[in-house]
Each structure stands twice: as C-alpha cells, then as structure tokens.
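Colleague: Go ahead and model the full structure; you've got the sequences and the hints to work with.
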Amino acid sequence: MVAFVILAALMVAGGVGVVTLRQPVHAALALVGTLLALAVTYVTLQAHFLAAIQVIVYAGAIMVLFLFVIMLLNVSGERTGDRLKWLKPAAWAAAGVTVAGLAVVYFLQRQPLPGAAVVDGALGGGGAERIGEVLFTDYLLAFQLVGVLLLTGVIAAVSLVQRAAPETRPQRGGAARSAPHEPGAASGAGVMRDDELVHGGH
Amino acid sequence: MSFPGVLDIDWNVMAPAVSLLITAIVALVFGLSARDSRGPAAVALIGVLTAGIFAVAHLFSGNESAASFGLRYLGDVPATALTLVILLGTAMAILVSWDQLERGGMGQPEYYPLMLLSALGAVVMASAGDLITLILGLEIMSLPAYALSAWRTRDRQSEEAGMKYFLLGAFGSAMLIYGTALLYGASGSFVYGAVAAALQGGNLTLLATAGGALVLAGLGFKAALAPFHQWAPDVYTGAPTVVVTFMSVVIKVGAFAALLRIAATVFPALQPWLLTALAVIVALTLVVGNFTALMQRGLKRMLAYSSVAHAGYLGLALLAANHGGVAAAAFYLSVYALMNAGAFAVLTLVTDASDHGDDLERFAGLGRTRPGLAAAMAVFMLSLGGIPLLGGFTGKVLVFQATIDAGHVWLAVLGIATSVVALFYYFRVIAYMYFRESSHAPHTFRSTPARVAIAVALVGTVLLGILPGWWHTLLSVGPRFLAGY
Numbered sequence: 001m002v003a004f005v006i007l008a009a010l011m012v013a014g015g016v017g018v019v020t021l022r023q024p025v026h027a028a029l030a031l032v033g034t035l036l037a038l039a040v041t042y043v044t045l046q047a048h049f050l051a052a053i054q055v056i057v058y059a060g061a062i063m064v065l066f067l068f069v070i071m072l073l074n075v076s077g078e079r080t081g082d083r084l085k086w087l088k089p090a091a092w093a094a095a096g097v098t099v100a101g102l103a104v105v106y107f108l109q110r111q112p113l114p115g116a117a118v119v120d121g122a123l124g125g126g127g128a129e130r131i132g133e134v135l136f137t138d139y140l141l142a143f144q145l146v147g148v149l150l151l152t153g154v155i156a157a158v159s160l161v162q163r164a165a166p167e168t169r170p171q172r173g174g175a176a177r178s179a180p181h182e183p184g185a186a187s188g189a190g191v192m193r194d195d196e197l198v199h200g201g202h
Numbered sequence: 001m002s003f004p005g006v007l008d009i010d011w012n013v014m015a016p017a018v019s020l021l022i023t024a025i026v027a028l029v030f031g032l033s034a035r036d037s038r039g040p041a042a043v044a045l046i047g048v049l050t051a052g053i054f055a056v057a058h059l060f061s062g063n064e065s066a067a068s069f070g071l072r073y074l075g076d077v078p079a080t081a082l083t084l085v086i087l088l089g090t091a092m093a094i095l096v097s098w099d100q101l102e103r104g105g106m107g108q109p110e111y112y113p114l115m116l117l118s119a120l121g122a123v124v125m126a127s128a129g130d131l132i133t134l135i136l137g138l139e140i141m142s143l144p145a146y147a148l149s150a151w152r153t154r155d156r157q158s159e160e161a162g163m164k165y166f167l168l169g170a171f172g173s174a175m176l177i178y179g180t181a182l183l184y185g186a187s188g189s190f191v192y193g194a195v196a197a198a199l200q201g202g203n204l205t206l207l208a209t210a211g212g213a214l215v216l217a218g219l220g221f222k223a224a225l226a227p228f229h230q231w232a233p234d235v236y237t238g239a240p241t242v243v244v245t246f247m248s249v250v251i252k253v254g255a256f257a258a259l260l261r262i263a264a265t266v267f268p269a270l271q272p273w274l275l276t277a278l279a280v281i282v283a284l285t286l287v288v289g290n291f292t293a294l295m296q297r298g299l300k301r302m303l304a305y306s307s308v309a310h311a312g313y314l315g316l317a318l319l320a321a322n323h324g325g326v327a328a329a330a331f332y333l334s335v336y337a338l339m340n341a342g343a344f345a346v347l348t349l350v351t352d353a354s355d356h357g358d359d360l361e362r363f364a365g366l367g368r369t370r371p372g373l374a375a376a377m378a379v380f381m382l383s384l385g386g387i388p389l390l391g392g393f394t395g396k397v398l399v400f401q402a403t404i405d406a407g408h409v410w411l412a413v414l415g416i417a418t419s420v421v422a423l424f425y426y427f428r429v430i431a432y433m434y435f436r437e438s439s440h441a442p443h444t445f446r447s448t449p450a451r452v453a454i455a456v457a458l459v460g461t462v463l464l465g466i467l468p469g470w471w472h473t474l475l476s477v478g479p480r481f482l483a484g485y
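As you go down the protein sequences, you meet chains A and B in turn.
Be aware that the first sequence starts at 1, since it is given in the working numbering, and climbs by one per residue.
Be aware that the second sequence starts at 1, since it is given in the working numbering, and climbs by one per residue.
Hints in this document: simulated from the structure, not taken from any laboratory.
Careful: at least some of the hints might be erroneous.
The calculated lysine to any residue pairs, modelled on SDA-like cross-linking and capped at a C-alpha distance of 20 angstroms, are [claimed, not checked]: (1) B:164 - A:157; (2) B:164 - A:91; (3) B:164 - A:19; (4) B:164 - A:1; (5) B:164 - A:84; (6) B:164 - A:56; (7) B:164 - A:153; (8) A:88 - B:230.
Modeller: What follows is the structure, given as structure tokens:
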C-alpha cells in the first residue's frame, strides 16, 4: 500500500509535469517518469510481463519516437501569446472540480483490494501465457479491431503526409485549385511550406 | 485449454463489416494504379452495396437475437437497421464526391478507402455489445474523419478543421476511455448487459455513475451535444463539403447508435441524477443549436448548428430509450441521413470548387436559374424544419411522442417550441431561392452521380413522410434485443 501511494504520487507528479512544463523535451521526460512508475506498479501487482512490455514499448520505443519528432521539428518552448486570457484559469478550475469529484467518489466507495492469492491466481504468475489466452479468446474481436485501427491510422497518416510533398502529385496542389494545370505555382507553395516546417523554430 | 463460447462467429452478422473492410483494402490497392478517383469510387460503391445486401438479408432473416463473439458484436434489429442507415449515408457521400473530388483537386487515392474504414467504424459502434468494441469502433470511425477534414491541400481553414477536430476528438475519446475504466471497476465487466446486471444489487453505483457521466461526455463530443458541440461549426465550415456530407450523417449515426444502446441498458442501473444531467444537456443543445443557427449567414455554418439542433431532438429519444425511443431515434436517423446528405449534395453543386461561396446570397434566384436543384433544396429544408407529409415531421412526432410517454413533458414542449424557431432559418433559405433576384450568375457545374444522390434523398424523404409505417414497424422491436442479454 505504501509502495502504491509513493508510485501514484510519482505518476500524478509526472502527469502534471507533462501538462505544465514549457519545454517539450522536459514534458517528454516527465512522461517517461510517469510510464516508468506505472511499470513499477505493474511489478508490485505481480504482472511482470506487462511491466516488461510497458518499459520496452512505451518508455522505450514510443518515447524515443516522441523525442525524435521533437528534435526534428526543433520545437522550442516559446509562448505565442494567449489570445483567450480566461481560458487557463477556467481549465485549471475544471480540472480541479473533476479531480475533487473523483476523489469524493473514491472516498465514498472505497473497496478493499483483493488478496494476494486471488491476484496471483488470476494472473498466473504474470507471464505472457495468461495474457495470450485472454487476448485470443475473450478479447479476440477487440484484438482484430485493434489491427483494423492500426491499418486505418497508418493510411490516414500516410495520406496526410504524402500529399504535402510537392513532387509526388504537383498537379493536385491546393494553389492550383482554380487552374488545375499549374504545377509551378503548386510546388512553389509547397517548397515554402516545407521551409517553414523545418526552419520555423529558429 | 478450452475455448468458451466467445468464439461463436455468426458470419451473417459480421458480413457487412467484413465487406466494408475488404472493399477498403481493394479500393486502396486499386487506387494506386487508377487514373483518377472515379475508379476507386466505383469500387467503394460496389462494396457499400454488397454490405447493404448482406445487411438487408440479415434484417429479413428474422434472426433477431443473433450475435457474434459472445455478446460483443450484436446483430439485432437496431444494429442492422442503423448499419443500413450508415451504408446509405456512405453511398450518398460517395456519389456526391464522385465528380467533386476531381473538381476540387482532392483526388488522392486514399480518400475512398478512408471513407469506407470510417463507415466500418460506425458499423462496429452500432453493433457493439460491449464497451471495448465501442471504443475501438469509435476510434476506427474517427481517425479517417480527422484526416478527411484536413483533405484540402494547403488550405488553412481545412487544416485548422482537421487539427481542431483531432484535438477535441482525442479529448472526447480520453473521457470515454476513463469512463469505461470506472464502469469496469464498478462492475467487473465490459458487456452492457453484464454491467447493468452487476450494478443492480451492488453498492458501487456512485462510482459507476461517475463512469457513466464520462462516457456520456465522451460520446456527446462525437454526437455534438451542447456544451460539447464547439468543434462542429468550425469543422463543418473548414472541411470540404463532400466530407461534411459524410461526417454529418455517418458519425452522428454511429455516436447515437452507441448512446442509445448504453442509455437503454447501462443508464437505468445508474443513479438517477445522470438522467437529469442528460435532460439538461439535451435542453441546452436544443436551445443553443436552434438559436445560434438563426444568426448564421453561411449555409454550411447554418447547417452545422442545425445538426447540433437535430442532435438535441435525437437526445430526447435517448431519455425515452425504453419507451419506444430507440425505434423513434432509428427512424429519425434514417430520415436525417437522407435529408441532411441531400442538402449538402445540393450545396456542393451551388458553391465554388473550393467550397467557398456558401453565403445565403449565393442562393438568391436559384429558383429561376436552376429550378430542379432549388426544388430539391426546398424539400430538404422543409423536411429538416419538420413540415407535415415529409420524413422530418414524422421523425419529430415519433420522438416527441416517446418523450411524453417517458414523462418528460417539459422537454417535449421545449422541443416543439424550438422546432418553430427552426422553421425560420430553414424558410429563409427557401425565401432567398424564390423571392430574391440573383446578383451573379450561378454555377453551371453538373454531376450525374450527385443528381442520383439528390434524387434518392428526395424519394426517401417523401416516402418516409407519407408511408412511415413499414419502416417504423420494422424498427419497433422491444428493448429486449437491444439490451444484449
């Protein structure tokens, strides 16, 4: 229980850090902290396989990707002036109300945790076997749908990125909308845009 | 290791979704070598029709309690009927996009596959019998919608629409997932029927109600219920009109299909204040949608707020989910799909290739310059406003009747009062078309597939208005099948 409280505090602190820190790199590192604390929580719950996956996939692969994107885009933490001054306090207030509401629910309806023997029996030692069994029986539909979801995400992302490259389909550029056969105008606009993208942060 | 009954796959139930998935992949591969976007459009249309044939065959097979994967994927009458509505909306959107994509320079080959995948997600949402399937269906439906909103290359407005939709949609998804986690924590199950059964005797209803509130908010984002409607006007205005034709129908049907099922099964087991909150949300949606639509000059923005208002009328049916509200909502969604897609189809033919020029002035004198289009638009506006003998009227009557049966008389009165307000902004379009002189020459852009779509919408709107009985009888099965147990 003590371990859980410490880990939960770490996770919440990391989460708040992700939202509040100005520098994107700092926010990403705060996210690493949250993900690692979550992995340790899995260990304390005897879910060893899940913990390992959490470290390798989330804290490892996905975070590296995040950092790569941040570095490549060269995003700096400059602020671009708040147009809506009331928005920030309102957001904090809404978050505060939500947290308070959930805290009230928690204290009103606390339940004792199941005993260690029950957890151990359900998880089967925390190995991959039990997870695989559940994944391919009870949640087979969900497993297949996640596959479709990933396919969808890849197609959507590629279609958005690919058309921004002007040399692939210049005749379909937005600048040539009124006169569809003006590749020069379209690719010109495209070059400017890519330039902005790369050097925008300087 | 023994496999329990969760692997019972009824392929009749799965057939529409599987056909959509296969067609999306075929259209994607075919699109790589296609000369323009009309070939993939034909492939997509064939796929949607195939899925529709499977759905109709299943609907009339009389196997009303069919399900796959345990109770995680349902093939009951509401699911199949709403699947048909989704397929209808998708077919209309394909027909409207047929010539319009090339005209607007938006003919990238991924357009139709993404549209089919989005429709697949909506079908999964309509058929979902548990919360996990619902979340995955919602994401499969939403991701292509985000990308399609930003489809117009190098158009700031379109990019802004995609970005805004993505951020707010992700926020809504996060709330839905959090709510699902709380519901699971309180009941130990994801399947709607089992969640409701576990909560009946339990003492964790407060926790479950907090989860239900978050689920309601998350789905409210997709359904554009106030105060979660903020994205709708900007996305509808910025996104290409052909995409809005698709989104305004399919995403709304998907979101309400899921909301209806949850409102009929899980919500009655939760604490009653959640239903009070839902009533307040619905009332707010009716007022905000209708009164803001009054102030719009651009037709796309007006139709965006009008779609918020229609979400309010559908919300009335949610409150009456166990008093005939499901059949009323399914009927309303069928009519809404026809008349709304029809109105957007007319809009694509009247506005510029870049979708600009949707101002009311553009419709001045349309009754003289393009009488066919103007007459169709007039019928859609009258139906959206709820004039008798058209489908929109029948849908509203059914919804109000269900609301009164469920004991929410004041909400029904509010609904009728706001319908009268709505008449004003729908009539204004007709007045511009017939009683104003046009200041500039109208577009002469013509598209036979778009005309087919408008004709289908026109016939459907009138048919559901004068002969509503057969479709409503088909939809009116008891809540037993909907509950999924």
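Colleague: Against this structure, judge whether each hint is valid.
Modeller: Hint by hint, here is what the structure shows:
{"no.": "1", "hint": "B:164 - A:157", "verdict": "holds, 16 angstroms"}
{"no.": "2", "hint": "B:164 - A:91", "verdict": "holds, 17 angstroms"}
{"no.": "3", "hint": "B:164 - A:19", "verdict": "holds, 18 angstroms"}
{"no.": "4", "hint": "B:164 - A:1", "verdict": "violated, 41 angstroms"}
{"no.": "5", "hint": "B:164 - A:84", "verdict": "holds, 16 angstroms"}
{"no.": "6", "hint": "B:164 - A:56", "verdict": "violated, 32 angstroms"}
{"no.": "7", "hint": "B:164 - A:153", "verdict": "holds, 17 angstroms"}
{"no.": "8", "hint": "A:88 - B:230", "verdict": "holds, 17 angstroms"}
Taken one by one, the earlier hints fail for this structure at numbers 4, 6, listed in ascending order.
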